[in-house]
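Undergrad: Top line first, the protein sequences correspond to chains G and P. Under the working numbering, the residue at position 63 of the first sequence is numbered 63, and the numbers go up by one with no gaps. When you read off a place in the second sequence, starting at 1, and then add 168, the result is the number in the working numbering.
Do not rely on the hints blindly, as some may be mistaken.
Selected chain P positions facing chain G (in silico; Cβ < 8 Å) [claimed, not checked]: (1) Ile290; (2) Ile292; (3) His318; (4) Ile319; (5) Gly353; (6) Asn357; (7) Cys477; (8) Ser480; (9) Val483; (10) Pro696; (11) Arg700; (12) Phe717.
In silico negatives: residues of chain P with every beta carbon more than 12 Å from chain G [said to hold, decoys possible]: (13) Glu315; (14) Gln359; (15) Asp673.
Hints in this document: simulated from the structure, not taken from any laboratory. Here a beta-carbon is modelled for each residue, glycine too, at the ideal position from N, C-alpha and C.
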Amino acid sequence: MVANHTISILVINEAGVLSRIVDLFSGRGYNIESLTVAPTIDKNYSRVTIVTQGDDRVIEQINKQLNRLIPIIKVMDLPTGDAIETEIVLAKVYVTDETRAEIIKVADLCGARVLDITDKTYTLQLVGDDKQIRALGEMLRPIGVKEFIRSGKVALSRGNQFANINLE
Amino acid sequence: MGKNDMYTGAQILLKSLVKEGVKEIFGYPGGVIIPLYDAIYLQNDIKHYLVRHEQAAIHAAEGYSRVTGKCGVALVTSGPGACNAITGIANAYYDGYPLVVFTGQVGLDQIGNDAFQEADMIGITRSCCKHNYLVKDVKDLARIIKEAFHIATTGKPGPVVIDLPKNILTSKATFSYPKKVELVGYKPNYQGHPLQIIRALELLCEAKKPVIISGGGVLQSGAHKELTELAQLLQIPVCHTLMGTGTYPADGPKYMGMLGMHGNYWANNAVMKADVIFAVGTRFNDRITGCLKTFAKDSRVIHIDIDPCSISKNVKVDIPIVGCAKNVLEAMLKRVKDKNLEAEINTEARDKWFAKIDEWKQKRAIPRVEGTKLSAITVLNTIYEYTKNLDPVISTEVGQHQMWTAQIFKFNKPRSFVTSGGLGTMGFGFPAAMGACAGVPHRPVINIAGDGSIQMNIQEMMTCVDYGFKVINCVMNNGYLGMVRQWQEKLCEKHYSETKISSPDFVKLAESYGALGIRVEKEEEIIPALERALASKTPVIIDFIVESFEMVYPWVLAGQPLDNVILSDGCEV
């Protein structure tokens, strides 16, 4: 059964490691739905979070193939719904006198913050899951959304599981 | 620290190779690696062989590795030199042979500026090597070389590329070769899981119709003795993949030969009808599975492989064992002996199974006989019979002659058959044979070739003449790219699109290189030609003029079930 999976990858923070990962996905025909990467608290390591799709066999192969790359330290497949997941979206919306109040209402309703105001635009920020972010988009669309930029998902396993190595 | 303790990158590189025990390298100089060639000129520890094309340097290093078990080393310049090396690197990657390939690079300050002879080798080789490095600081060079040899030769072996910017070769640093490597992200698993081993043995003992598929991993880990002993103790018939040739003695009991697209009918049939398939060190490539949907449909599969990616990639595995074939088979053998497991085998069912396989053995391929020219099959049979007691290394190019060689030649030990399996590289055999000559100078080296593939790296005749590599090239000259022609005959209504191919006069060509050329057109000329070739002090081309339209049988068409075998013209099983 094809399902969304969030793959959390701990890598050595060195030049070219991201292209190794991306090349692996494109070369073997795997899909990348979203991708985020940034250093961990220890700058020698980075965390890559990839949302991908596939049946069990494909996801198993992705995990194994990633593990085969030398600068990759740990790969975790975080099952959707069983991990803490979050994403940021920035949305720039046209405002007119007629829509000004409505946009504020939508922002309130969705829990978005207003980061920037000009006479013609509002820029909103929402931190949430996929559903909440898509809901915001749907509500803003008829009002006139100019830009809608998603960060891609970051995720963490719940409870006592750790994906970090001992970062001593 | 005195001035004398500082070395250039070029010197550090050579000192590191000496520390790794490297005695021979294959290469070709060029602009940016002049400093390295200068250092080579000034030392005597390492012998450099100058090839005539960079692709051949990599194939030669792989051939060397295949027959010696050591890591092959090659050296090429930047840009075109490095790009020419790609096919060789990809070939070693697919078949899993250890290489360290040094590629020149423009200076660090020029990288990315489209400098003369610049190519992004890290980007280009990423998908066809096990790992690659761009050296950015001469202080890292010794550590990188240490890591490269470690990565190339451990786990599933493979090529590692080290890209060397010009200024790294001339910058200076102190030299100390690291004693060990520290790679947090690379820890291949060598020991099989004990519980999986117990489960695998239970399944094998209760199996009524088991088979073993022995792959290249058995050869790589040197597990042929363990595999042979285990197969015989547990009474399991053995077939092998192309890369597994020589991992089970051809004169051993219950030997079924090669399976796959051009494998034996009985081997294919046994695998398809087996209740337990025990696969060791094989990737289950489409050339051995045929149609995946029908493969191992009703059987349970035990799979040992050092590369977890190989497990359940193509064929769903019931008992996976990640580990080195030698260690796992040793552990299995110990348990069989400790627990006297051979007593648990259902011998009655096994006898029936062996009888069934013997019955299938009656169905043999029937070669196409027509025309008046020599048959390549006859030629190869004669070469095999004449040379089998000389402990030869047999290499091949890719095509019909390769499959006939795999079918006809019997090997009782590994590291005797050198052929391009996964990538299927025409032009591999000759330079690989050249590398084999450097690796095992005391053994005769015979390259079986076609008239198409020999022309892909024919320039290496000169290298062979220069260094006295006495490769005996036996060209099955049928005037066609035979394997593609065979497919066109069957699948394209005999539209021989661009497969008729002409050749130079190979005898004159050999002579112009200073080598021995012999033409053979009659059966009685074969043995005298081989006698002359084996006695020759120079490399040899024997131009066997053979029939154009011979076919490789047995043949399972691509995508067909493995037991859907064509045994002869107009006869499918």
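Undergrad: Which of the listed hints are broken here?
TA: 2, 3, 6, 9, 10, 11, 12, 13
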